Amino acid sequence: MSIIRTEELTYQYKSYEEGQEQETLKQALQGLSFSVEKGEFIAILGRNGSGKSTLAKHLNALLLPSEGTVWVEEMKTSDEARLWDIRSTAGMVFQNPDNQIVATVVEEDVGFGPENMGVPTEEIWERVDKSLKAVGMAAYAKSAPHRLSGGQKQRVAIAGVMAMKPKCIIFDESTAMLDPIGRREVLRTVRELNEKEGITVLLITHYMEEAALAGRIMIMDRGRLVMDGTPRSIFSRRQELEALGLQVPQTTALADALRESGLPLSEGICQEEDLAEELAALYGRRKEAQA
Amino acid sequence: MSLLLQNVSYVYEQGTPMENTGLHPLSLEVKDDEVLAVIGATGSGKSTLIQMMNGLNKPSTGNIYYNGEDIFAEKYDRRRLRSQVGLVFQYPEYQLFEETVLKDVCFGPKNQGLSEEEAIGRARRAMRRVGLTEDYEERSPFDLSGGEKRRAAIAGVLAMEPKILILDEPTAGLDPEGREELLTELLALRRERQMGIVMVSHSMEDVARMADRIAVLSHGKLLMQGTPREIFREESGLLEAGLALPAACHILHLLKEKGLPVGTDALSVEEAKEKILAAFS
Ligand SMILES: Nc1ncnc2c1ncn2[C@@H]1O[C@H](COP(=O)(O)OP(=O)(O)OP(=O)(O)O)[C@@H](O)[C@H]1O
Ligand SMILES: [Mg+2]
Numbered sequence: 048m049s050i051i052r053t054e055e056l057t058y059q060y061k062s063y064e065e066g067q068e069q070e071t072l073k074q075a076l077q078g079l080s081f082s083v084e085k086g087e088f089i090a091i092l093g094r095n096g097s098g099k100s101t102l103a104k105h106l107n108a109l110l111l112p113s114e115g116t117v118w119v120e121e122m123k124t125s126d127e128a129r130l131w132d133i134r135s136t137a138g139m140v141f142q143n144p145d146n147q148i149v150a151t152v153v154e155e156d157v158g159f160g161p162e163n164m165g166v167p168t169e170e171i172w173e174r175v176d177k178s179l180k181a182v183g184m185a186a187y188a189k190s191a192p193h194r195l196s197g198g199q200k201q202r203v204a205i206a207g208v209m210a211m212k213p214k215c216i217i218f219d220e221s222t223a224m225l226d227p228i229g230r231r232e233v234l235r236t237v238r239e240l241n242e243k244e245g246i247t248v249l250l251i252t253h254y255m256e257e258a259a260l261a262g263r264i265m266i267m268d269r270g271r272l273v274m275d276g277t278p279r280s281i282f283s284r285r286q287e288l289e290a291l292g293l294q295v296p297q298t299t300a301l302a303d304a305l306r307e308s309g310l311p312l313s314e315g316i317c318q319e320e321d322l323a324e325e326l327a328a329l330y331g332r333r334k335e336a337q338a
Numbered sequence: 017m018s019l020l021l022q023n024v025s026y027v028y029e030q031g032t033p034m035e036n037t038g039l040h041p042l043s044l045e046v047k048d049d050e051v052l053a054v055i056g057a058t059g060s061g062k063s064t065l066i067q068m069m070n071g072l073n074k075p076s077t078g079n080i081y082y083n084g085e086d087i088f089a090e091k092y093d094r095r096r097l098r099s100q101v102g103l104v105f106q107y108p109e110y111q112l113f114e115e116t117v118l119k120d121v122c123f124g125p126k127n128q129g130l131s132e133e134e135a136i137g138r139a140r141r142a143m144r145r146v147g148l149t150e151d152y153e154e155r156s157p158f159d160l161s162g163g164e165k166r167r168a169a170i171a172g173v174l175a176m177e178p179k180i181l182i183l184d185e186p187t188a189g190l191d192p193e194g195r196e197e198l199l200t201e202l203l204a205l206r207r208e209r210q211m212g213i214v215m216v217s218h219s220m221e222d223v224a225r226m227a228d229r230i231a232v233l234s235h236g237k238l239l240m241q242g243t244p245r246e247i248f249r250e251e252s253g254l255l256e257a258g259l260a261l262p263a264a265c266h267i268l269h270l271l272k273e274k275g276l277p278v279g280t281d282a283l284s285v286e287e288a289k290e291k292i293l294a295a296f297s
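For the protein sequence lines, the chains are A and B, in the order given. Going by our numbering, the first sequence opens with residue 48, and the numbers climb by one from there. Going by our numbering, the second sequence opens with residue 17, and the numbers climb by one from there.
Keep in mind that the hints were calculated from the coordinates and are not lab data. It should be emphasised that the depicted structure is a prediction, and the values quoted were computed from it without experimental measurement. Incorrect hints may have been included.
[Said to hold, decoys possible] Calculated cross-link-like contacts (lysine-lysine; reagent style DSS-like; alpha-carbon spacing at most 30 Å):
| id | chain 1 | residue 1 | chain 2 | residue 2 |
| --- | --- | --- | --- | --- |
| 1 | A | K189 | A | K214 |
| 2 | B | K119 | A | K61 |
| 3 | B | K179 | A | K334 |
| 4 | A | K189 | B | K74 |
| 5 | B | K119 | A | K73 |
| 6 | B | K179 | B | K126 |
| 7 | B | K272 | A | K334 |
| 8 | B | K119 | A | K189 |
| 9 | A | K243 | A | K123 |
| 10 | A | K104 | B | K119 |
| 11 | B | K179 | A | K180 |
| 12 | B | K47 | B | K74 |
Go ahead and model the full structure; you've got the sequences and the hints to work with.
This is the structure we're talking about:
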């Protein structure tokens, strides 16, 4: 069963400017239809302003479609009576953690969501512990969030969403401000949530290396969905990607360059480990042939 | 002509029970015409450091000299300093406040005393440099997407035509094309205006490509300083500091672990390719 489904989703931002009679409309999404199956790990890519965040906000009813429909587990997001169910099913983590942190102590911040959901106290603490450990912030449980660095705050915000045990989490560039190790930790956490707990993940990112970890990549351009496929199939279409303002990961660029120089590597390699393995195997065969 | 930090340290909430050392004493120079990258884990003191560079944070000890003058001397004009040492914040939201993007980008140059017309000219040029076309001029900066906001914030500082440009995570949130264009523009600006650039970044790829010199911060200390080649040779030091190798370099390390006779000293895809081909030949 699909956990998220959209049909002809269209959205215009309306803004009213002083002195202007009419509102100005900004078309942000244009007839999007797609579905996400339970347990998928999807990366969403697209140039700045292509509509990724606007789409994300539709998936937990922060925005409602101008036209078309969004379902989260068969609940229409326009169904106001189900708002709380929708938001606890599809959690969201943003880029700037400052706007997401509400409490003055880290552990209280993480416990805020489950508390609001009426989770028993005992279990709240369990969830808080587990979530903070998962993001590598357990040592800061008693700290004041405002004293943490941007990246540390972000990990707290992610823990806060995780503590609500949503079925689906949408990460809107949540790793953009993290250092390499922090990013790796968060991505590992994201993958574990997906693989071990079956949480559906939608990861919006500008890092092609992160997208390579997903099972499926969706690419947006000018409010439309323009490509949809596995990382390998997507990253073997380099020219199309570049026309969309995107790139292949460095690993793929290196593999392509080596292939052009005559090494028979497969197309669309996008993970460092995979490239290293193919190269090592190739090297081994050449050595044997020479011996 | 340069910015010189001499034995500067920074203590947060000094004199209170919450006192916390943000930066241990360190010395650093930013030369004109040079790209200095500051890297370090989150919380290592990067933002504290760069906010001292334009006089926003007053060091707890030590001195900062811009073109030989102590910027915390009593009569020093720090407002003027801020237009010569321009700072783009980590979160662009904190930098945007006018009704329209054009007004926002004009704010700096107007403050410098330029006429409306000159300010608009500068603003437009700066906007083009970061890929904001004319149709963004009349939009509200608050209604922009994340990457568009970052572009606007960078344009606002560029429009002041600073002598030294400090950027905190300039490419975070930019799409790959925008990132590429921005980095290229920054290098061009450095050439045209002999502008010094200080760049805080978590992207080892960007740093490898851009920096003449890298300063590595770890827990508020200056752990090491050197050229990209020198720094990315220190894998264990980097990992200790919560950092990583650029992707191209990392793959070479993986290959070496698997027993291939490859050198690991590569900063770009092109260099990594050469090393691998050499092993195969
Ligand atoms: N509040 C708003 N009012 C009016 N227009 C908006 C608003 N927010 C976004 N837009 C516009 O809608 C379009 C889509 O924006 P969105 O934030 O969804 O892009 P995005 O793909 O997330 O971009 P980025 O990669 O920069 O984060 C853009 O053209 C943007 O300028
Ligand atoms: Mg966005």
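Each hint tested on the structure:
Restraint check for K189(A) and K214(A): the C-alpha separation of about 28 Å stays at or below 30 Å, so the hint holds. Between K119(B) and K61(A) the CA atoms are separated by roughly 21 Å; this keeps the pair inside 30 Å, and the hint holds. Proximity of K179(B) to K334(A) is assessed by CA-CA distance (about 55 Å); at most 30 Å being required, the pair is judged violated. At roughly 29 Å between alpha-carbon atoms, K189(A) and K74(B) fall within 30 Å of each other, so this suggested pair holds.
Between K119(B) and K73(A) the CA atoms are separated by roughly 20 Å; this keeps the pair inside 30 Å, and the hint holds. The straight-line distance between the Cα atoms of K179(B) and K126(B) is roughly 17 Å, inside the 30 Å bound, and the hint therefore holds. A hinted pair counts as satisfied when its Cα atoms are at most 30 Å apart, and K272(B) with K334(A) qualifies at roughly 16 Å. Straight-line distance between C-alpha atoms of K119(B) and K189(A) comes to about 43 Å, which puts the hinted pair past the 30 Å bound.
Using a Cα cut-off of 30 Å, the hinted pair K243(A) and K123(A) holds, with the two alpha carbons roughly 28 Å apart. Restraint check for K104(A) and K119(B): satisfied, since their Cα atoms lie roughly 29 Å apart, inside the 30 Å limit. For the hint pairing K179(B) with K180(A), the CA-to-CA distance comes to about 45 Å; that exceeds 30 Å, so the pair is violated. Between K47(B) and K74(B), the direct Cα distance comes to roughly 21 Å. Compliance with the 30 Å bound is thereby established for this hinted pair.
Going through the hint list in order, the structure does not satisfy hints 3, 8, 11.
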